[in-house]
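Student: Please take these sequences and the hints and turn them into a complete structure.
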Amino acid sequence: MPTEILMPALSPTMEEGTLAKWLVKEGDSVNSGDIMAEIETDKATMEFEAVDEGTIGKILIEEGTEGVKVNTPIAVLLEEGESADDIGETSSGGGESSAKKDDSGGDDDDESRGKAEPVAASPAAPVPQPDASPDWPEGTEMTKMTVREAINAAMAEEMRNDEDVFIMGEEVAEYQGAYKITQGLLDEFGAKRVIDTPITEHGFAGIGVGAAWGGLKPIVEFMTWNFAMQAIDQIINSAAKTNYMSGGQLGCSIVFRGPNGAAARVAAQHSQDYAAWYSHVPGLKVVQPYSAADAKGLLKSAIRDPNPVIFLENEILYGRSFEVPVLDDFTIPFGKARIARPGDDVTIVSFGIGMTYALEAADKLAEEGVSAEVIDLRTLRPLDYDTVLASVMKTNRCVTVEEGFPVASIGNHLSAVIMERAFDYLDAPVINCTGKDVPMPYAANLEKLALTSTKEVIEAVNKVTYR
Amino acid sequence: MAARKTTKKPNVSADELKKYYRDMLLVRRFEEKAGQLYGMGLIGGFCHLYIGQEAVVVGLEATAEEGDKRITTYRDHGHMLACGMDPDGVMAELTGREGGYSKGKGGSMHMFSREKDFYGGHGIVGANVPLGAGLALADQYKGNGRVTFTYFGDGAANQGQVYETFNMAALWKLPVVFVIENNQYAMGTSQKRSTSTPDIYTRGAAFGIPGEAVDGMDVLAVKEAGEKAVAHCRKGDGPYILEVKTYRYRGHSMSDPAKYRTREEVQKMRDEKDCIEHVRELLLEGKHASEEDLKAIDKEIKDVVNKSAEFAKESAEPDVSELWTDIYVEDTREDA
Numbered sequence: 001m002p003t004e005i006l007m008p009a010l011s012p013t014m015e016e017g018t019l020a021k022w023l024v025k026e027g028d029s030v031n032s033g034d035i036m037a038e039i040e041t042d043k044a045t046m047e048f049e050a051v052d053e054g055t056i057g058k059i060l061i062e063e064g065t066e067g068v069k070v071n072t073p074i075a076v077l078l079e080e081g082e083s084a085d086d087i088g089e090t091s092s093g094g095g096e097s098s099a100k101k102d103d104s105g106g107d108d109d110d111e112s113r114g115k116a117e118p119v120a121a122s123p124a125a126p127v128p129q130p131d132a133s134p135d136w137p138e139g140t141e142m143t144k145m146t147v148r149e150a151i152n153a154a155m156a157e158e159m160r161n162d163e164d165v166f167i168m169g170e171e172v173a174e175y176q177g178a179y180k181i182t183q184g185l186l187d188e189f190g191a192k193r194v195i196d197t198p199i200t201e202h203g204f205a206g207i208g209v210g211a212a213w214g215g216l217k218p219i220v221e222f223m224t225w226n227f228a229m230q231a232i233d234q235i236i237n238s239a240a241k242t243n244y245m246s247g248g249q250l251g252c253s254i255v256f257r258g259p260n261g262a263a264a265r266v267a268a269q270h271s272q273d274y275a276a277w278y279s280h281v282p283g284l285k286v287v288q289p290y291s292a293a294d295a296k297g298l299l300k301s302a303i304r305d306p307n308p309v310i311f312l313e314n315e316i317l318y319g320r321s322f323e324v325p326v327l328d329d330f331t332i333p334f335g336k337a338r339i340a341r342p343g344d345d346v347t348i349v350s351f352g353i354g355m356t357y358a359l360e361a362a363d364k365l366a367e368e369g370v371s372a373e374v375i376d377l378r379t380l381r382p383l384d385y386d387t388v389l390a391s392v393m394k395t396n397r398c399v400t401v402e403e404g405f406p407v408a409s410i411g412n413h414l415s416a417v418i419m420e421r422a423f424d425y426l427d428a429p430v431i432n433c434t435g436k437d438v439p440m441p442y443a444a445n446l447e448k449l450a451l452t453s454t455k456e457v458i459e460a461v462n463k464v465t466y467r
Numbered sequence: 001m002a003a004r005k006t007t008k009k010p011n012v013s014a015d016e017l018k019k020y021y022r023d024m025l026l027v028r029r030f031e032e033k034a035g036q037l038y039g040m041g042l043i044g045g046f047c048h049l050y051i052g053q054e055a056v057v058v059g060l061e062a063t064a065e066e067g068d069k070r071i072t073t074y075r076d077h078g079h080m081l082a083c084g085m086d087p088d089g090v091m092a093e094l095t096g097r098e099g100g101y102s103k104g105k106g107g108s109m110h111m112f113s114r115e116k117d118f119y120g121g122h123g124i125v126g127a128n129v130p131l132g133a134g135l136a137l138a139d140q141y142k143g144n145g146r147v148t149f150t151y152f153g154d155g156a157a158n159q160g161q162v163y164e165t166f167n168m169a170a171l172w173k174l175p176v177v178f179v180i181e182n183n184q185y186a187m188g189t190s191q192k193r194s195t196s197t198p199d200i201y202t203r204g205a206a207f208g209i210p211g212e213a214v215d216g217m218d219v220l221a222v223k224e225a226g227e228k229a230v231a232h233c234r235k236g237d238g239p240y241i242l243e244v245k246t247y248r249y250r251g252h253s254m255s256d257p258a259k260y261r262t263r264e265e266v267q268k269m270r271d272e273k274d275c276i277e278h279v280r281e282l283l284l285e286g287k288h289a290s291e292e293d294l295k296a297i298d299k300e301i302k303d304v305v306n307k308s309a310e311f312a313k314e315s316a317e318p319d320v321s322e323l324w325t326d327i328y329v330e331d332t333r334e335d336a
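Protein chains in written order, with our numbering: chain A, 1 to 467; chain B, 1 to 336.
Worth flagging that the hints you see were computed from the coordinates, not collected in a lab. For every residue, glycine included, the Cβ atom is placed at its ideal position computed from N, Cα and C. Take these hints with a grain of salt, some might be off.
What the hints assert, rightly or not - Coverage of chain B stretches by chain A, computed from C-beta distances (three or more under 8 Å per stretch; other residues unrestricted):
no. : stretch
1   : 34-43
2   : 133-147
3   : 228-235
4   : 255-261
Tutor: As structure tokens, this is what we get:
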């Protein structure tokens, strides 16, 4: 059967074009790949090649014709043994008559789009059901441990449990860690599993992701998260998105970890909180612990998780001591906030080093007779909305605390969710205490001003309680 | 088409030659069909065809063993077909249907197959290079003797992360073959205008990585060079660079007006260097196959490709519930 050659779409947005020039004439034989015509769109002139072989039986659209709609037959191709007399019994493009663009003009297209699109909504928000179960059994023996020791212990325990877990990063092995987080790991696990990398964040982040696809469970340490901006393409485009883009074939079990946020007197390039940046990205899990127990239990969960986990530590917290349960194997699940201090008058939500200000403010407020409930989010993605909402529904007031920039902050996001799901419970607008909207200055006095503070948290609480 | 001077007798069996012919023809016919479906609006977005470069993947796949891995950039249809992925699944992914390798969620540039050890299909130029080295690191860690073929183009060869990777791959002796498919144009910018030194294969020298240039229009030359490179990696001697000089006949993507090169330049390559025509001549001259035999292969390939196009059109669009799946791997741990 003779085959109709159709006006091609040369870009996804092309609807019509000019048939500028025919390079073949009736009676010419063509092979696949031969250039048959030049097509002009508003953007460019393109050559149009033959797909099937045969003889040009008839040219239907003369050269120079403008406004030829995509998928209009422009010529007829005859196969071996056919003649021009057979024309009339054509099939479009070798049986491809189901093209979607040929039956409607430009305007109808938009209309049908509006009608046909099914709505795929997020699941409806139910009544908050916070998980108030304890993190470890009551009566468990506790011991004092620094955050640094807790992170180190979590890695060592998981490396003992699973041969596929290894750590790579700058100065993690022989130097024993720039912040001594990996101290002793080289001695115990050897150079195969504790790998010093060159200073090459983009490259080794990508190698880590590839190794995860290859079946290993890498822990990639960034000396600080500031340097991970060199690697952010691999973290987001490769680690976070590939499971989705592969239809679920290529999960990426990897932990990216290191100190995040402001340290002290290291200025703008070395002082930035990435909590909101990474929390923005579907496919990632984001953790920012405050206490040593949480750091240990969450890092163990992170290493075991089959997904990419962003683990945001804090240099100032590394040396701080907390009570940690003495248990052989203890993990904290993701998506479960912790009520660090129960209260009735106001909810203060924070995470990471922000908890320092939140808890200090709660202590001082208690002296003034204000009972603040302090929630440590611990994980930012998945985020435990239920615990926050249940608390706000009880206290009717909320203040959020973080060190990151104010625009598009975690606090902004929480405010929106609270407004949407607990609007009628609010007795005051939610206030976000954040870092200031400036690059971090070096001078000691300015640096202090650029961060949030206990004083700011107390002031915010006074505002939402109309005191 | 003008005969190409064959410099030496092929050191392969008639069956192997026929296999290369068939595999290269499959890629070409598949890509032509994809171009056609794109023209009909059935394939959206970007679509980068591999026509002209078929000898590269077919020659290298001839050197791969079970369990070896491959990863490439966005011009990836040829790699998938050459490593044995199902043309139906590839075409259905191009049309964004549930029968596609990524259930319609990846498209032309993002397809994967665990089963065939094909790790994508990556849209960010150069990003797949460290990823490939990472796959090789995993194999080295496990000591399984596997090799990873990491393909990228002359354009990607100017990305910084490529050299970060060269350094670490050499330092750690990773079993990775870096295959630079030099088709002479990074989108619309010729190599002359983008690359300070013409011989990209020498760029490994600074890291102690051996490299060589290969005629990428000659499947037998590609295979021979590939065997050497793979043996080097498998022996534990670290990475190897092959700069395969090839040529794409079509534009960078479907929407490429191709004003950066002349029609004569393209036609000359097609007439004088075509990789499929080359093997066709070897088969006929060596009397390994008759015209009829080759016609039968052509027919067989045409049927496979037409079937894939039918499948790709008939396969349903993904269910709307798929919008929300595969964002995370479900955590099946008991204590999760």
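Student: Please go over all the hints and tell whether each is borne out by the structure.
Tutor: Each hint tested on the structure:
| no. | hint | in the structure |
| --- | --- | --- |
| 1 | 34-43 | holds (count 8) |
| 2 | 133-147 | holds (count 9) |
| 3 | 228-235 | violated (count 0) |
| 4 | 255-261 | holds (count 5) |
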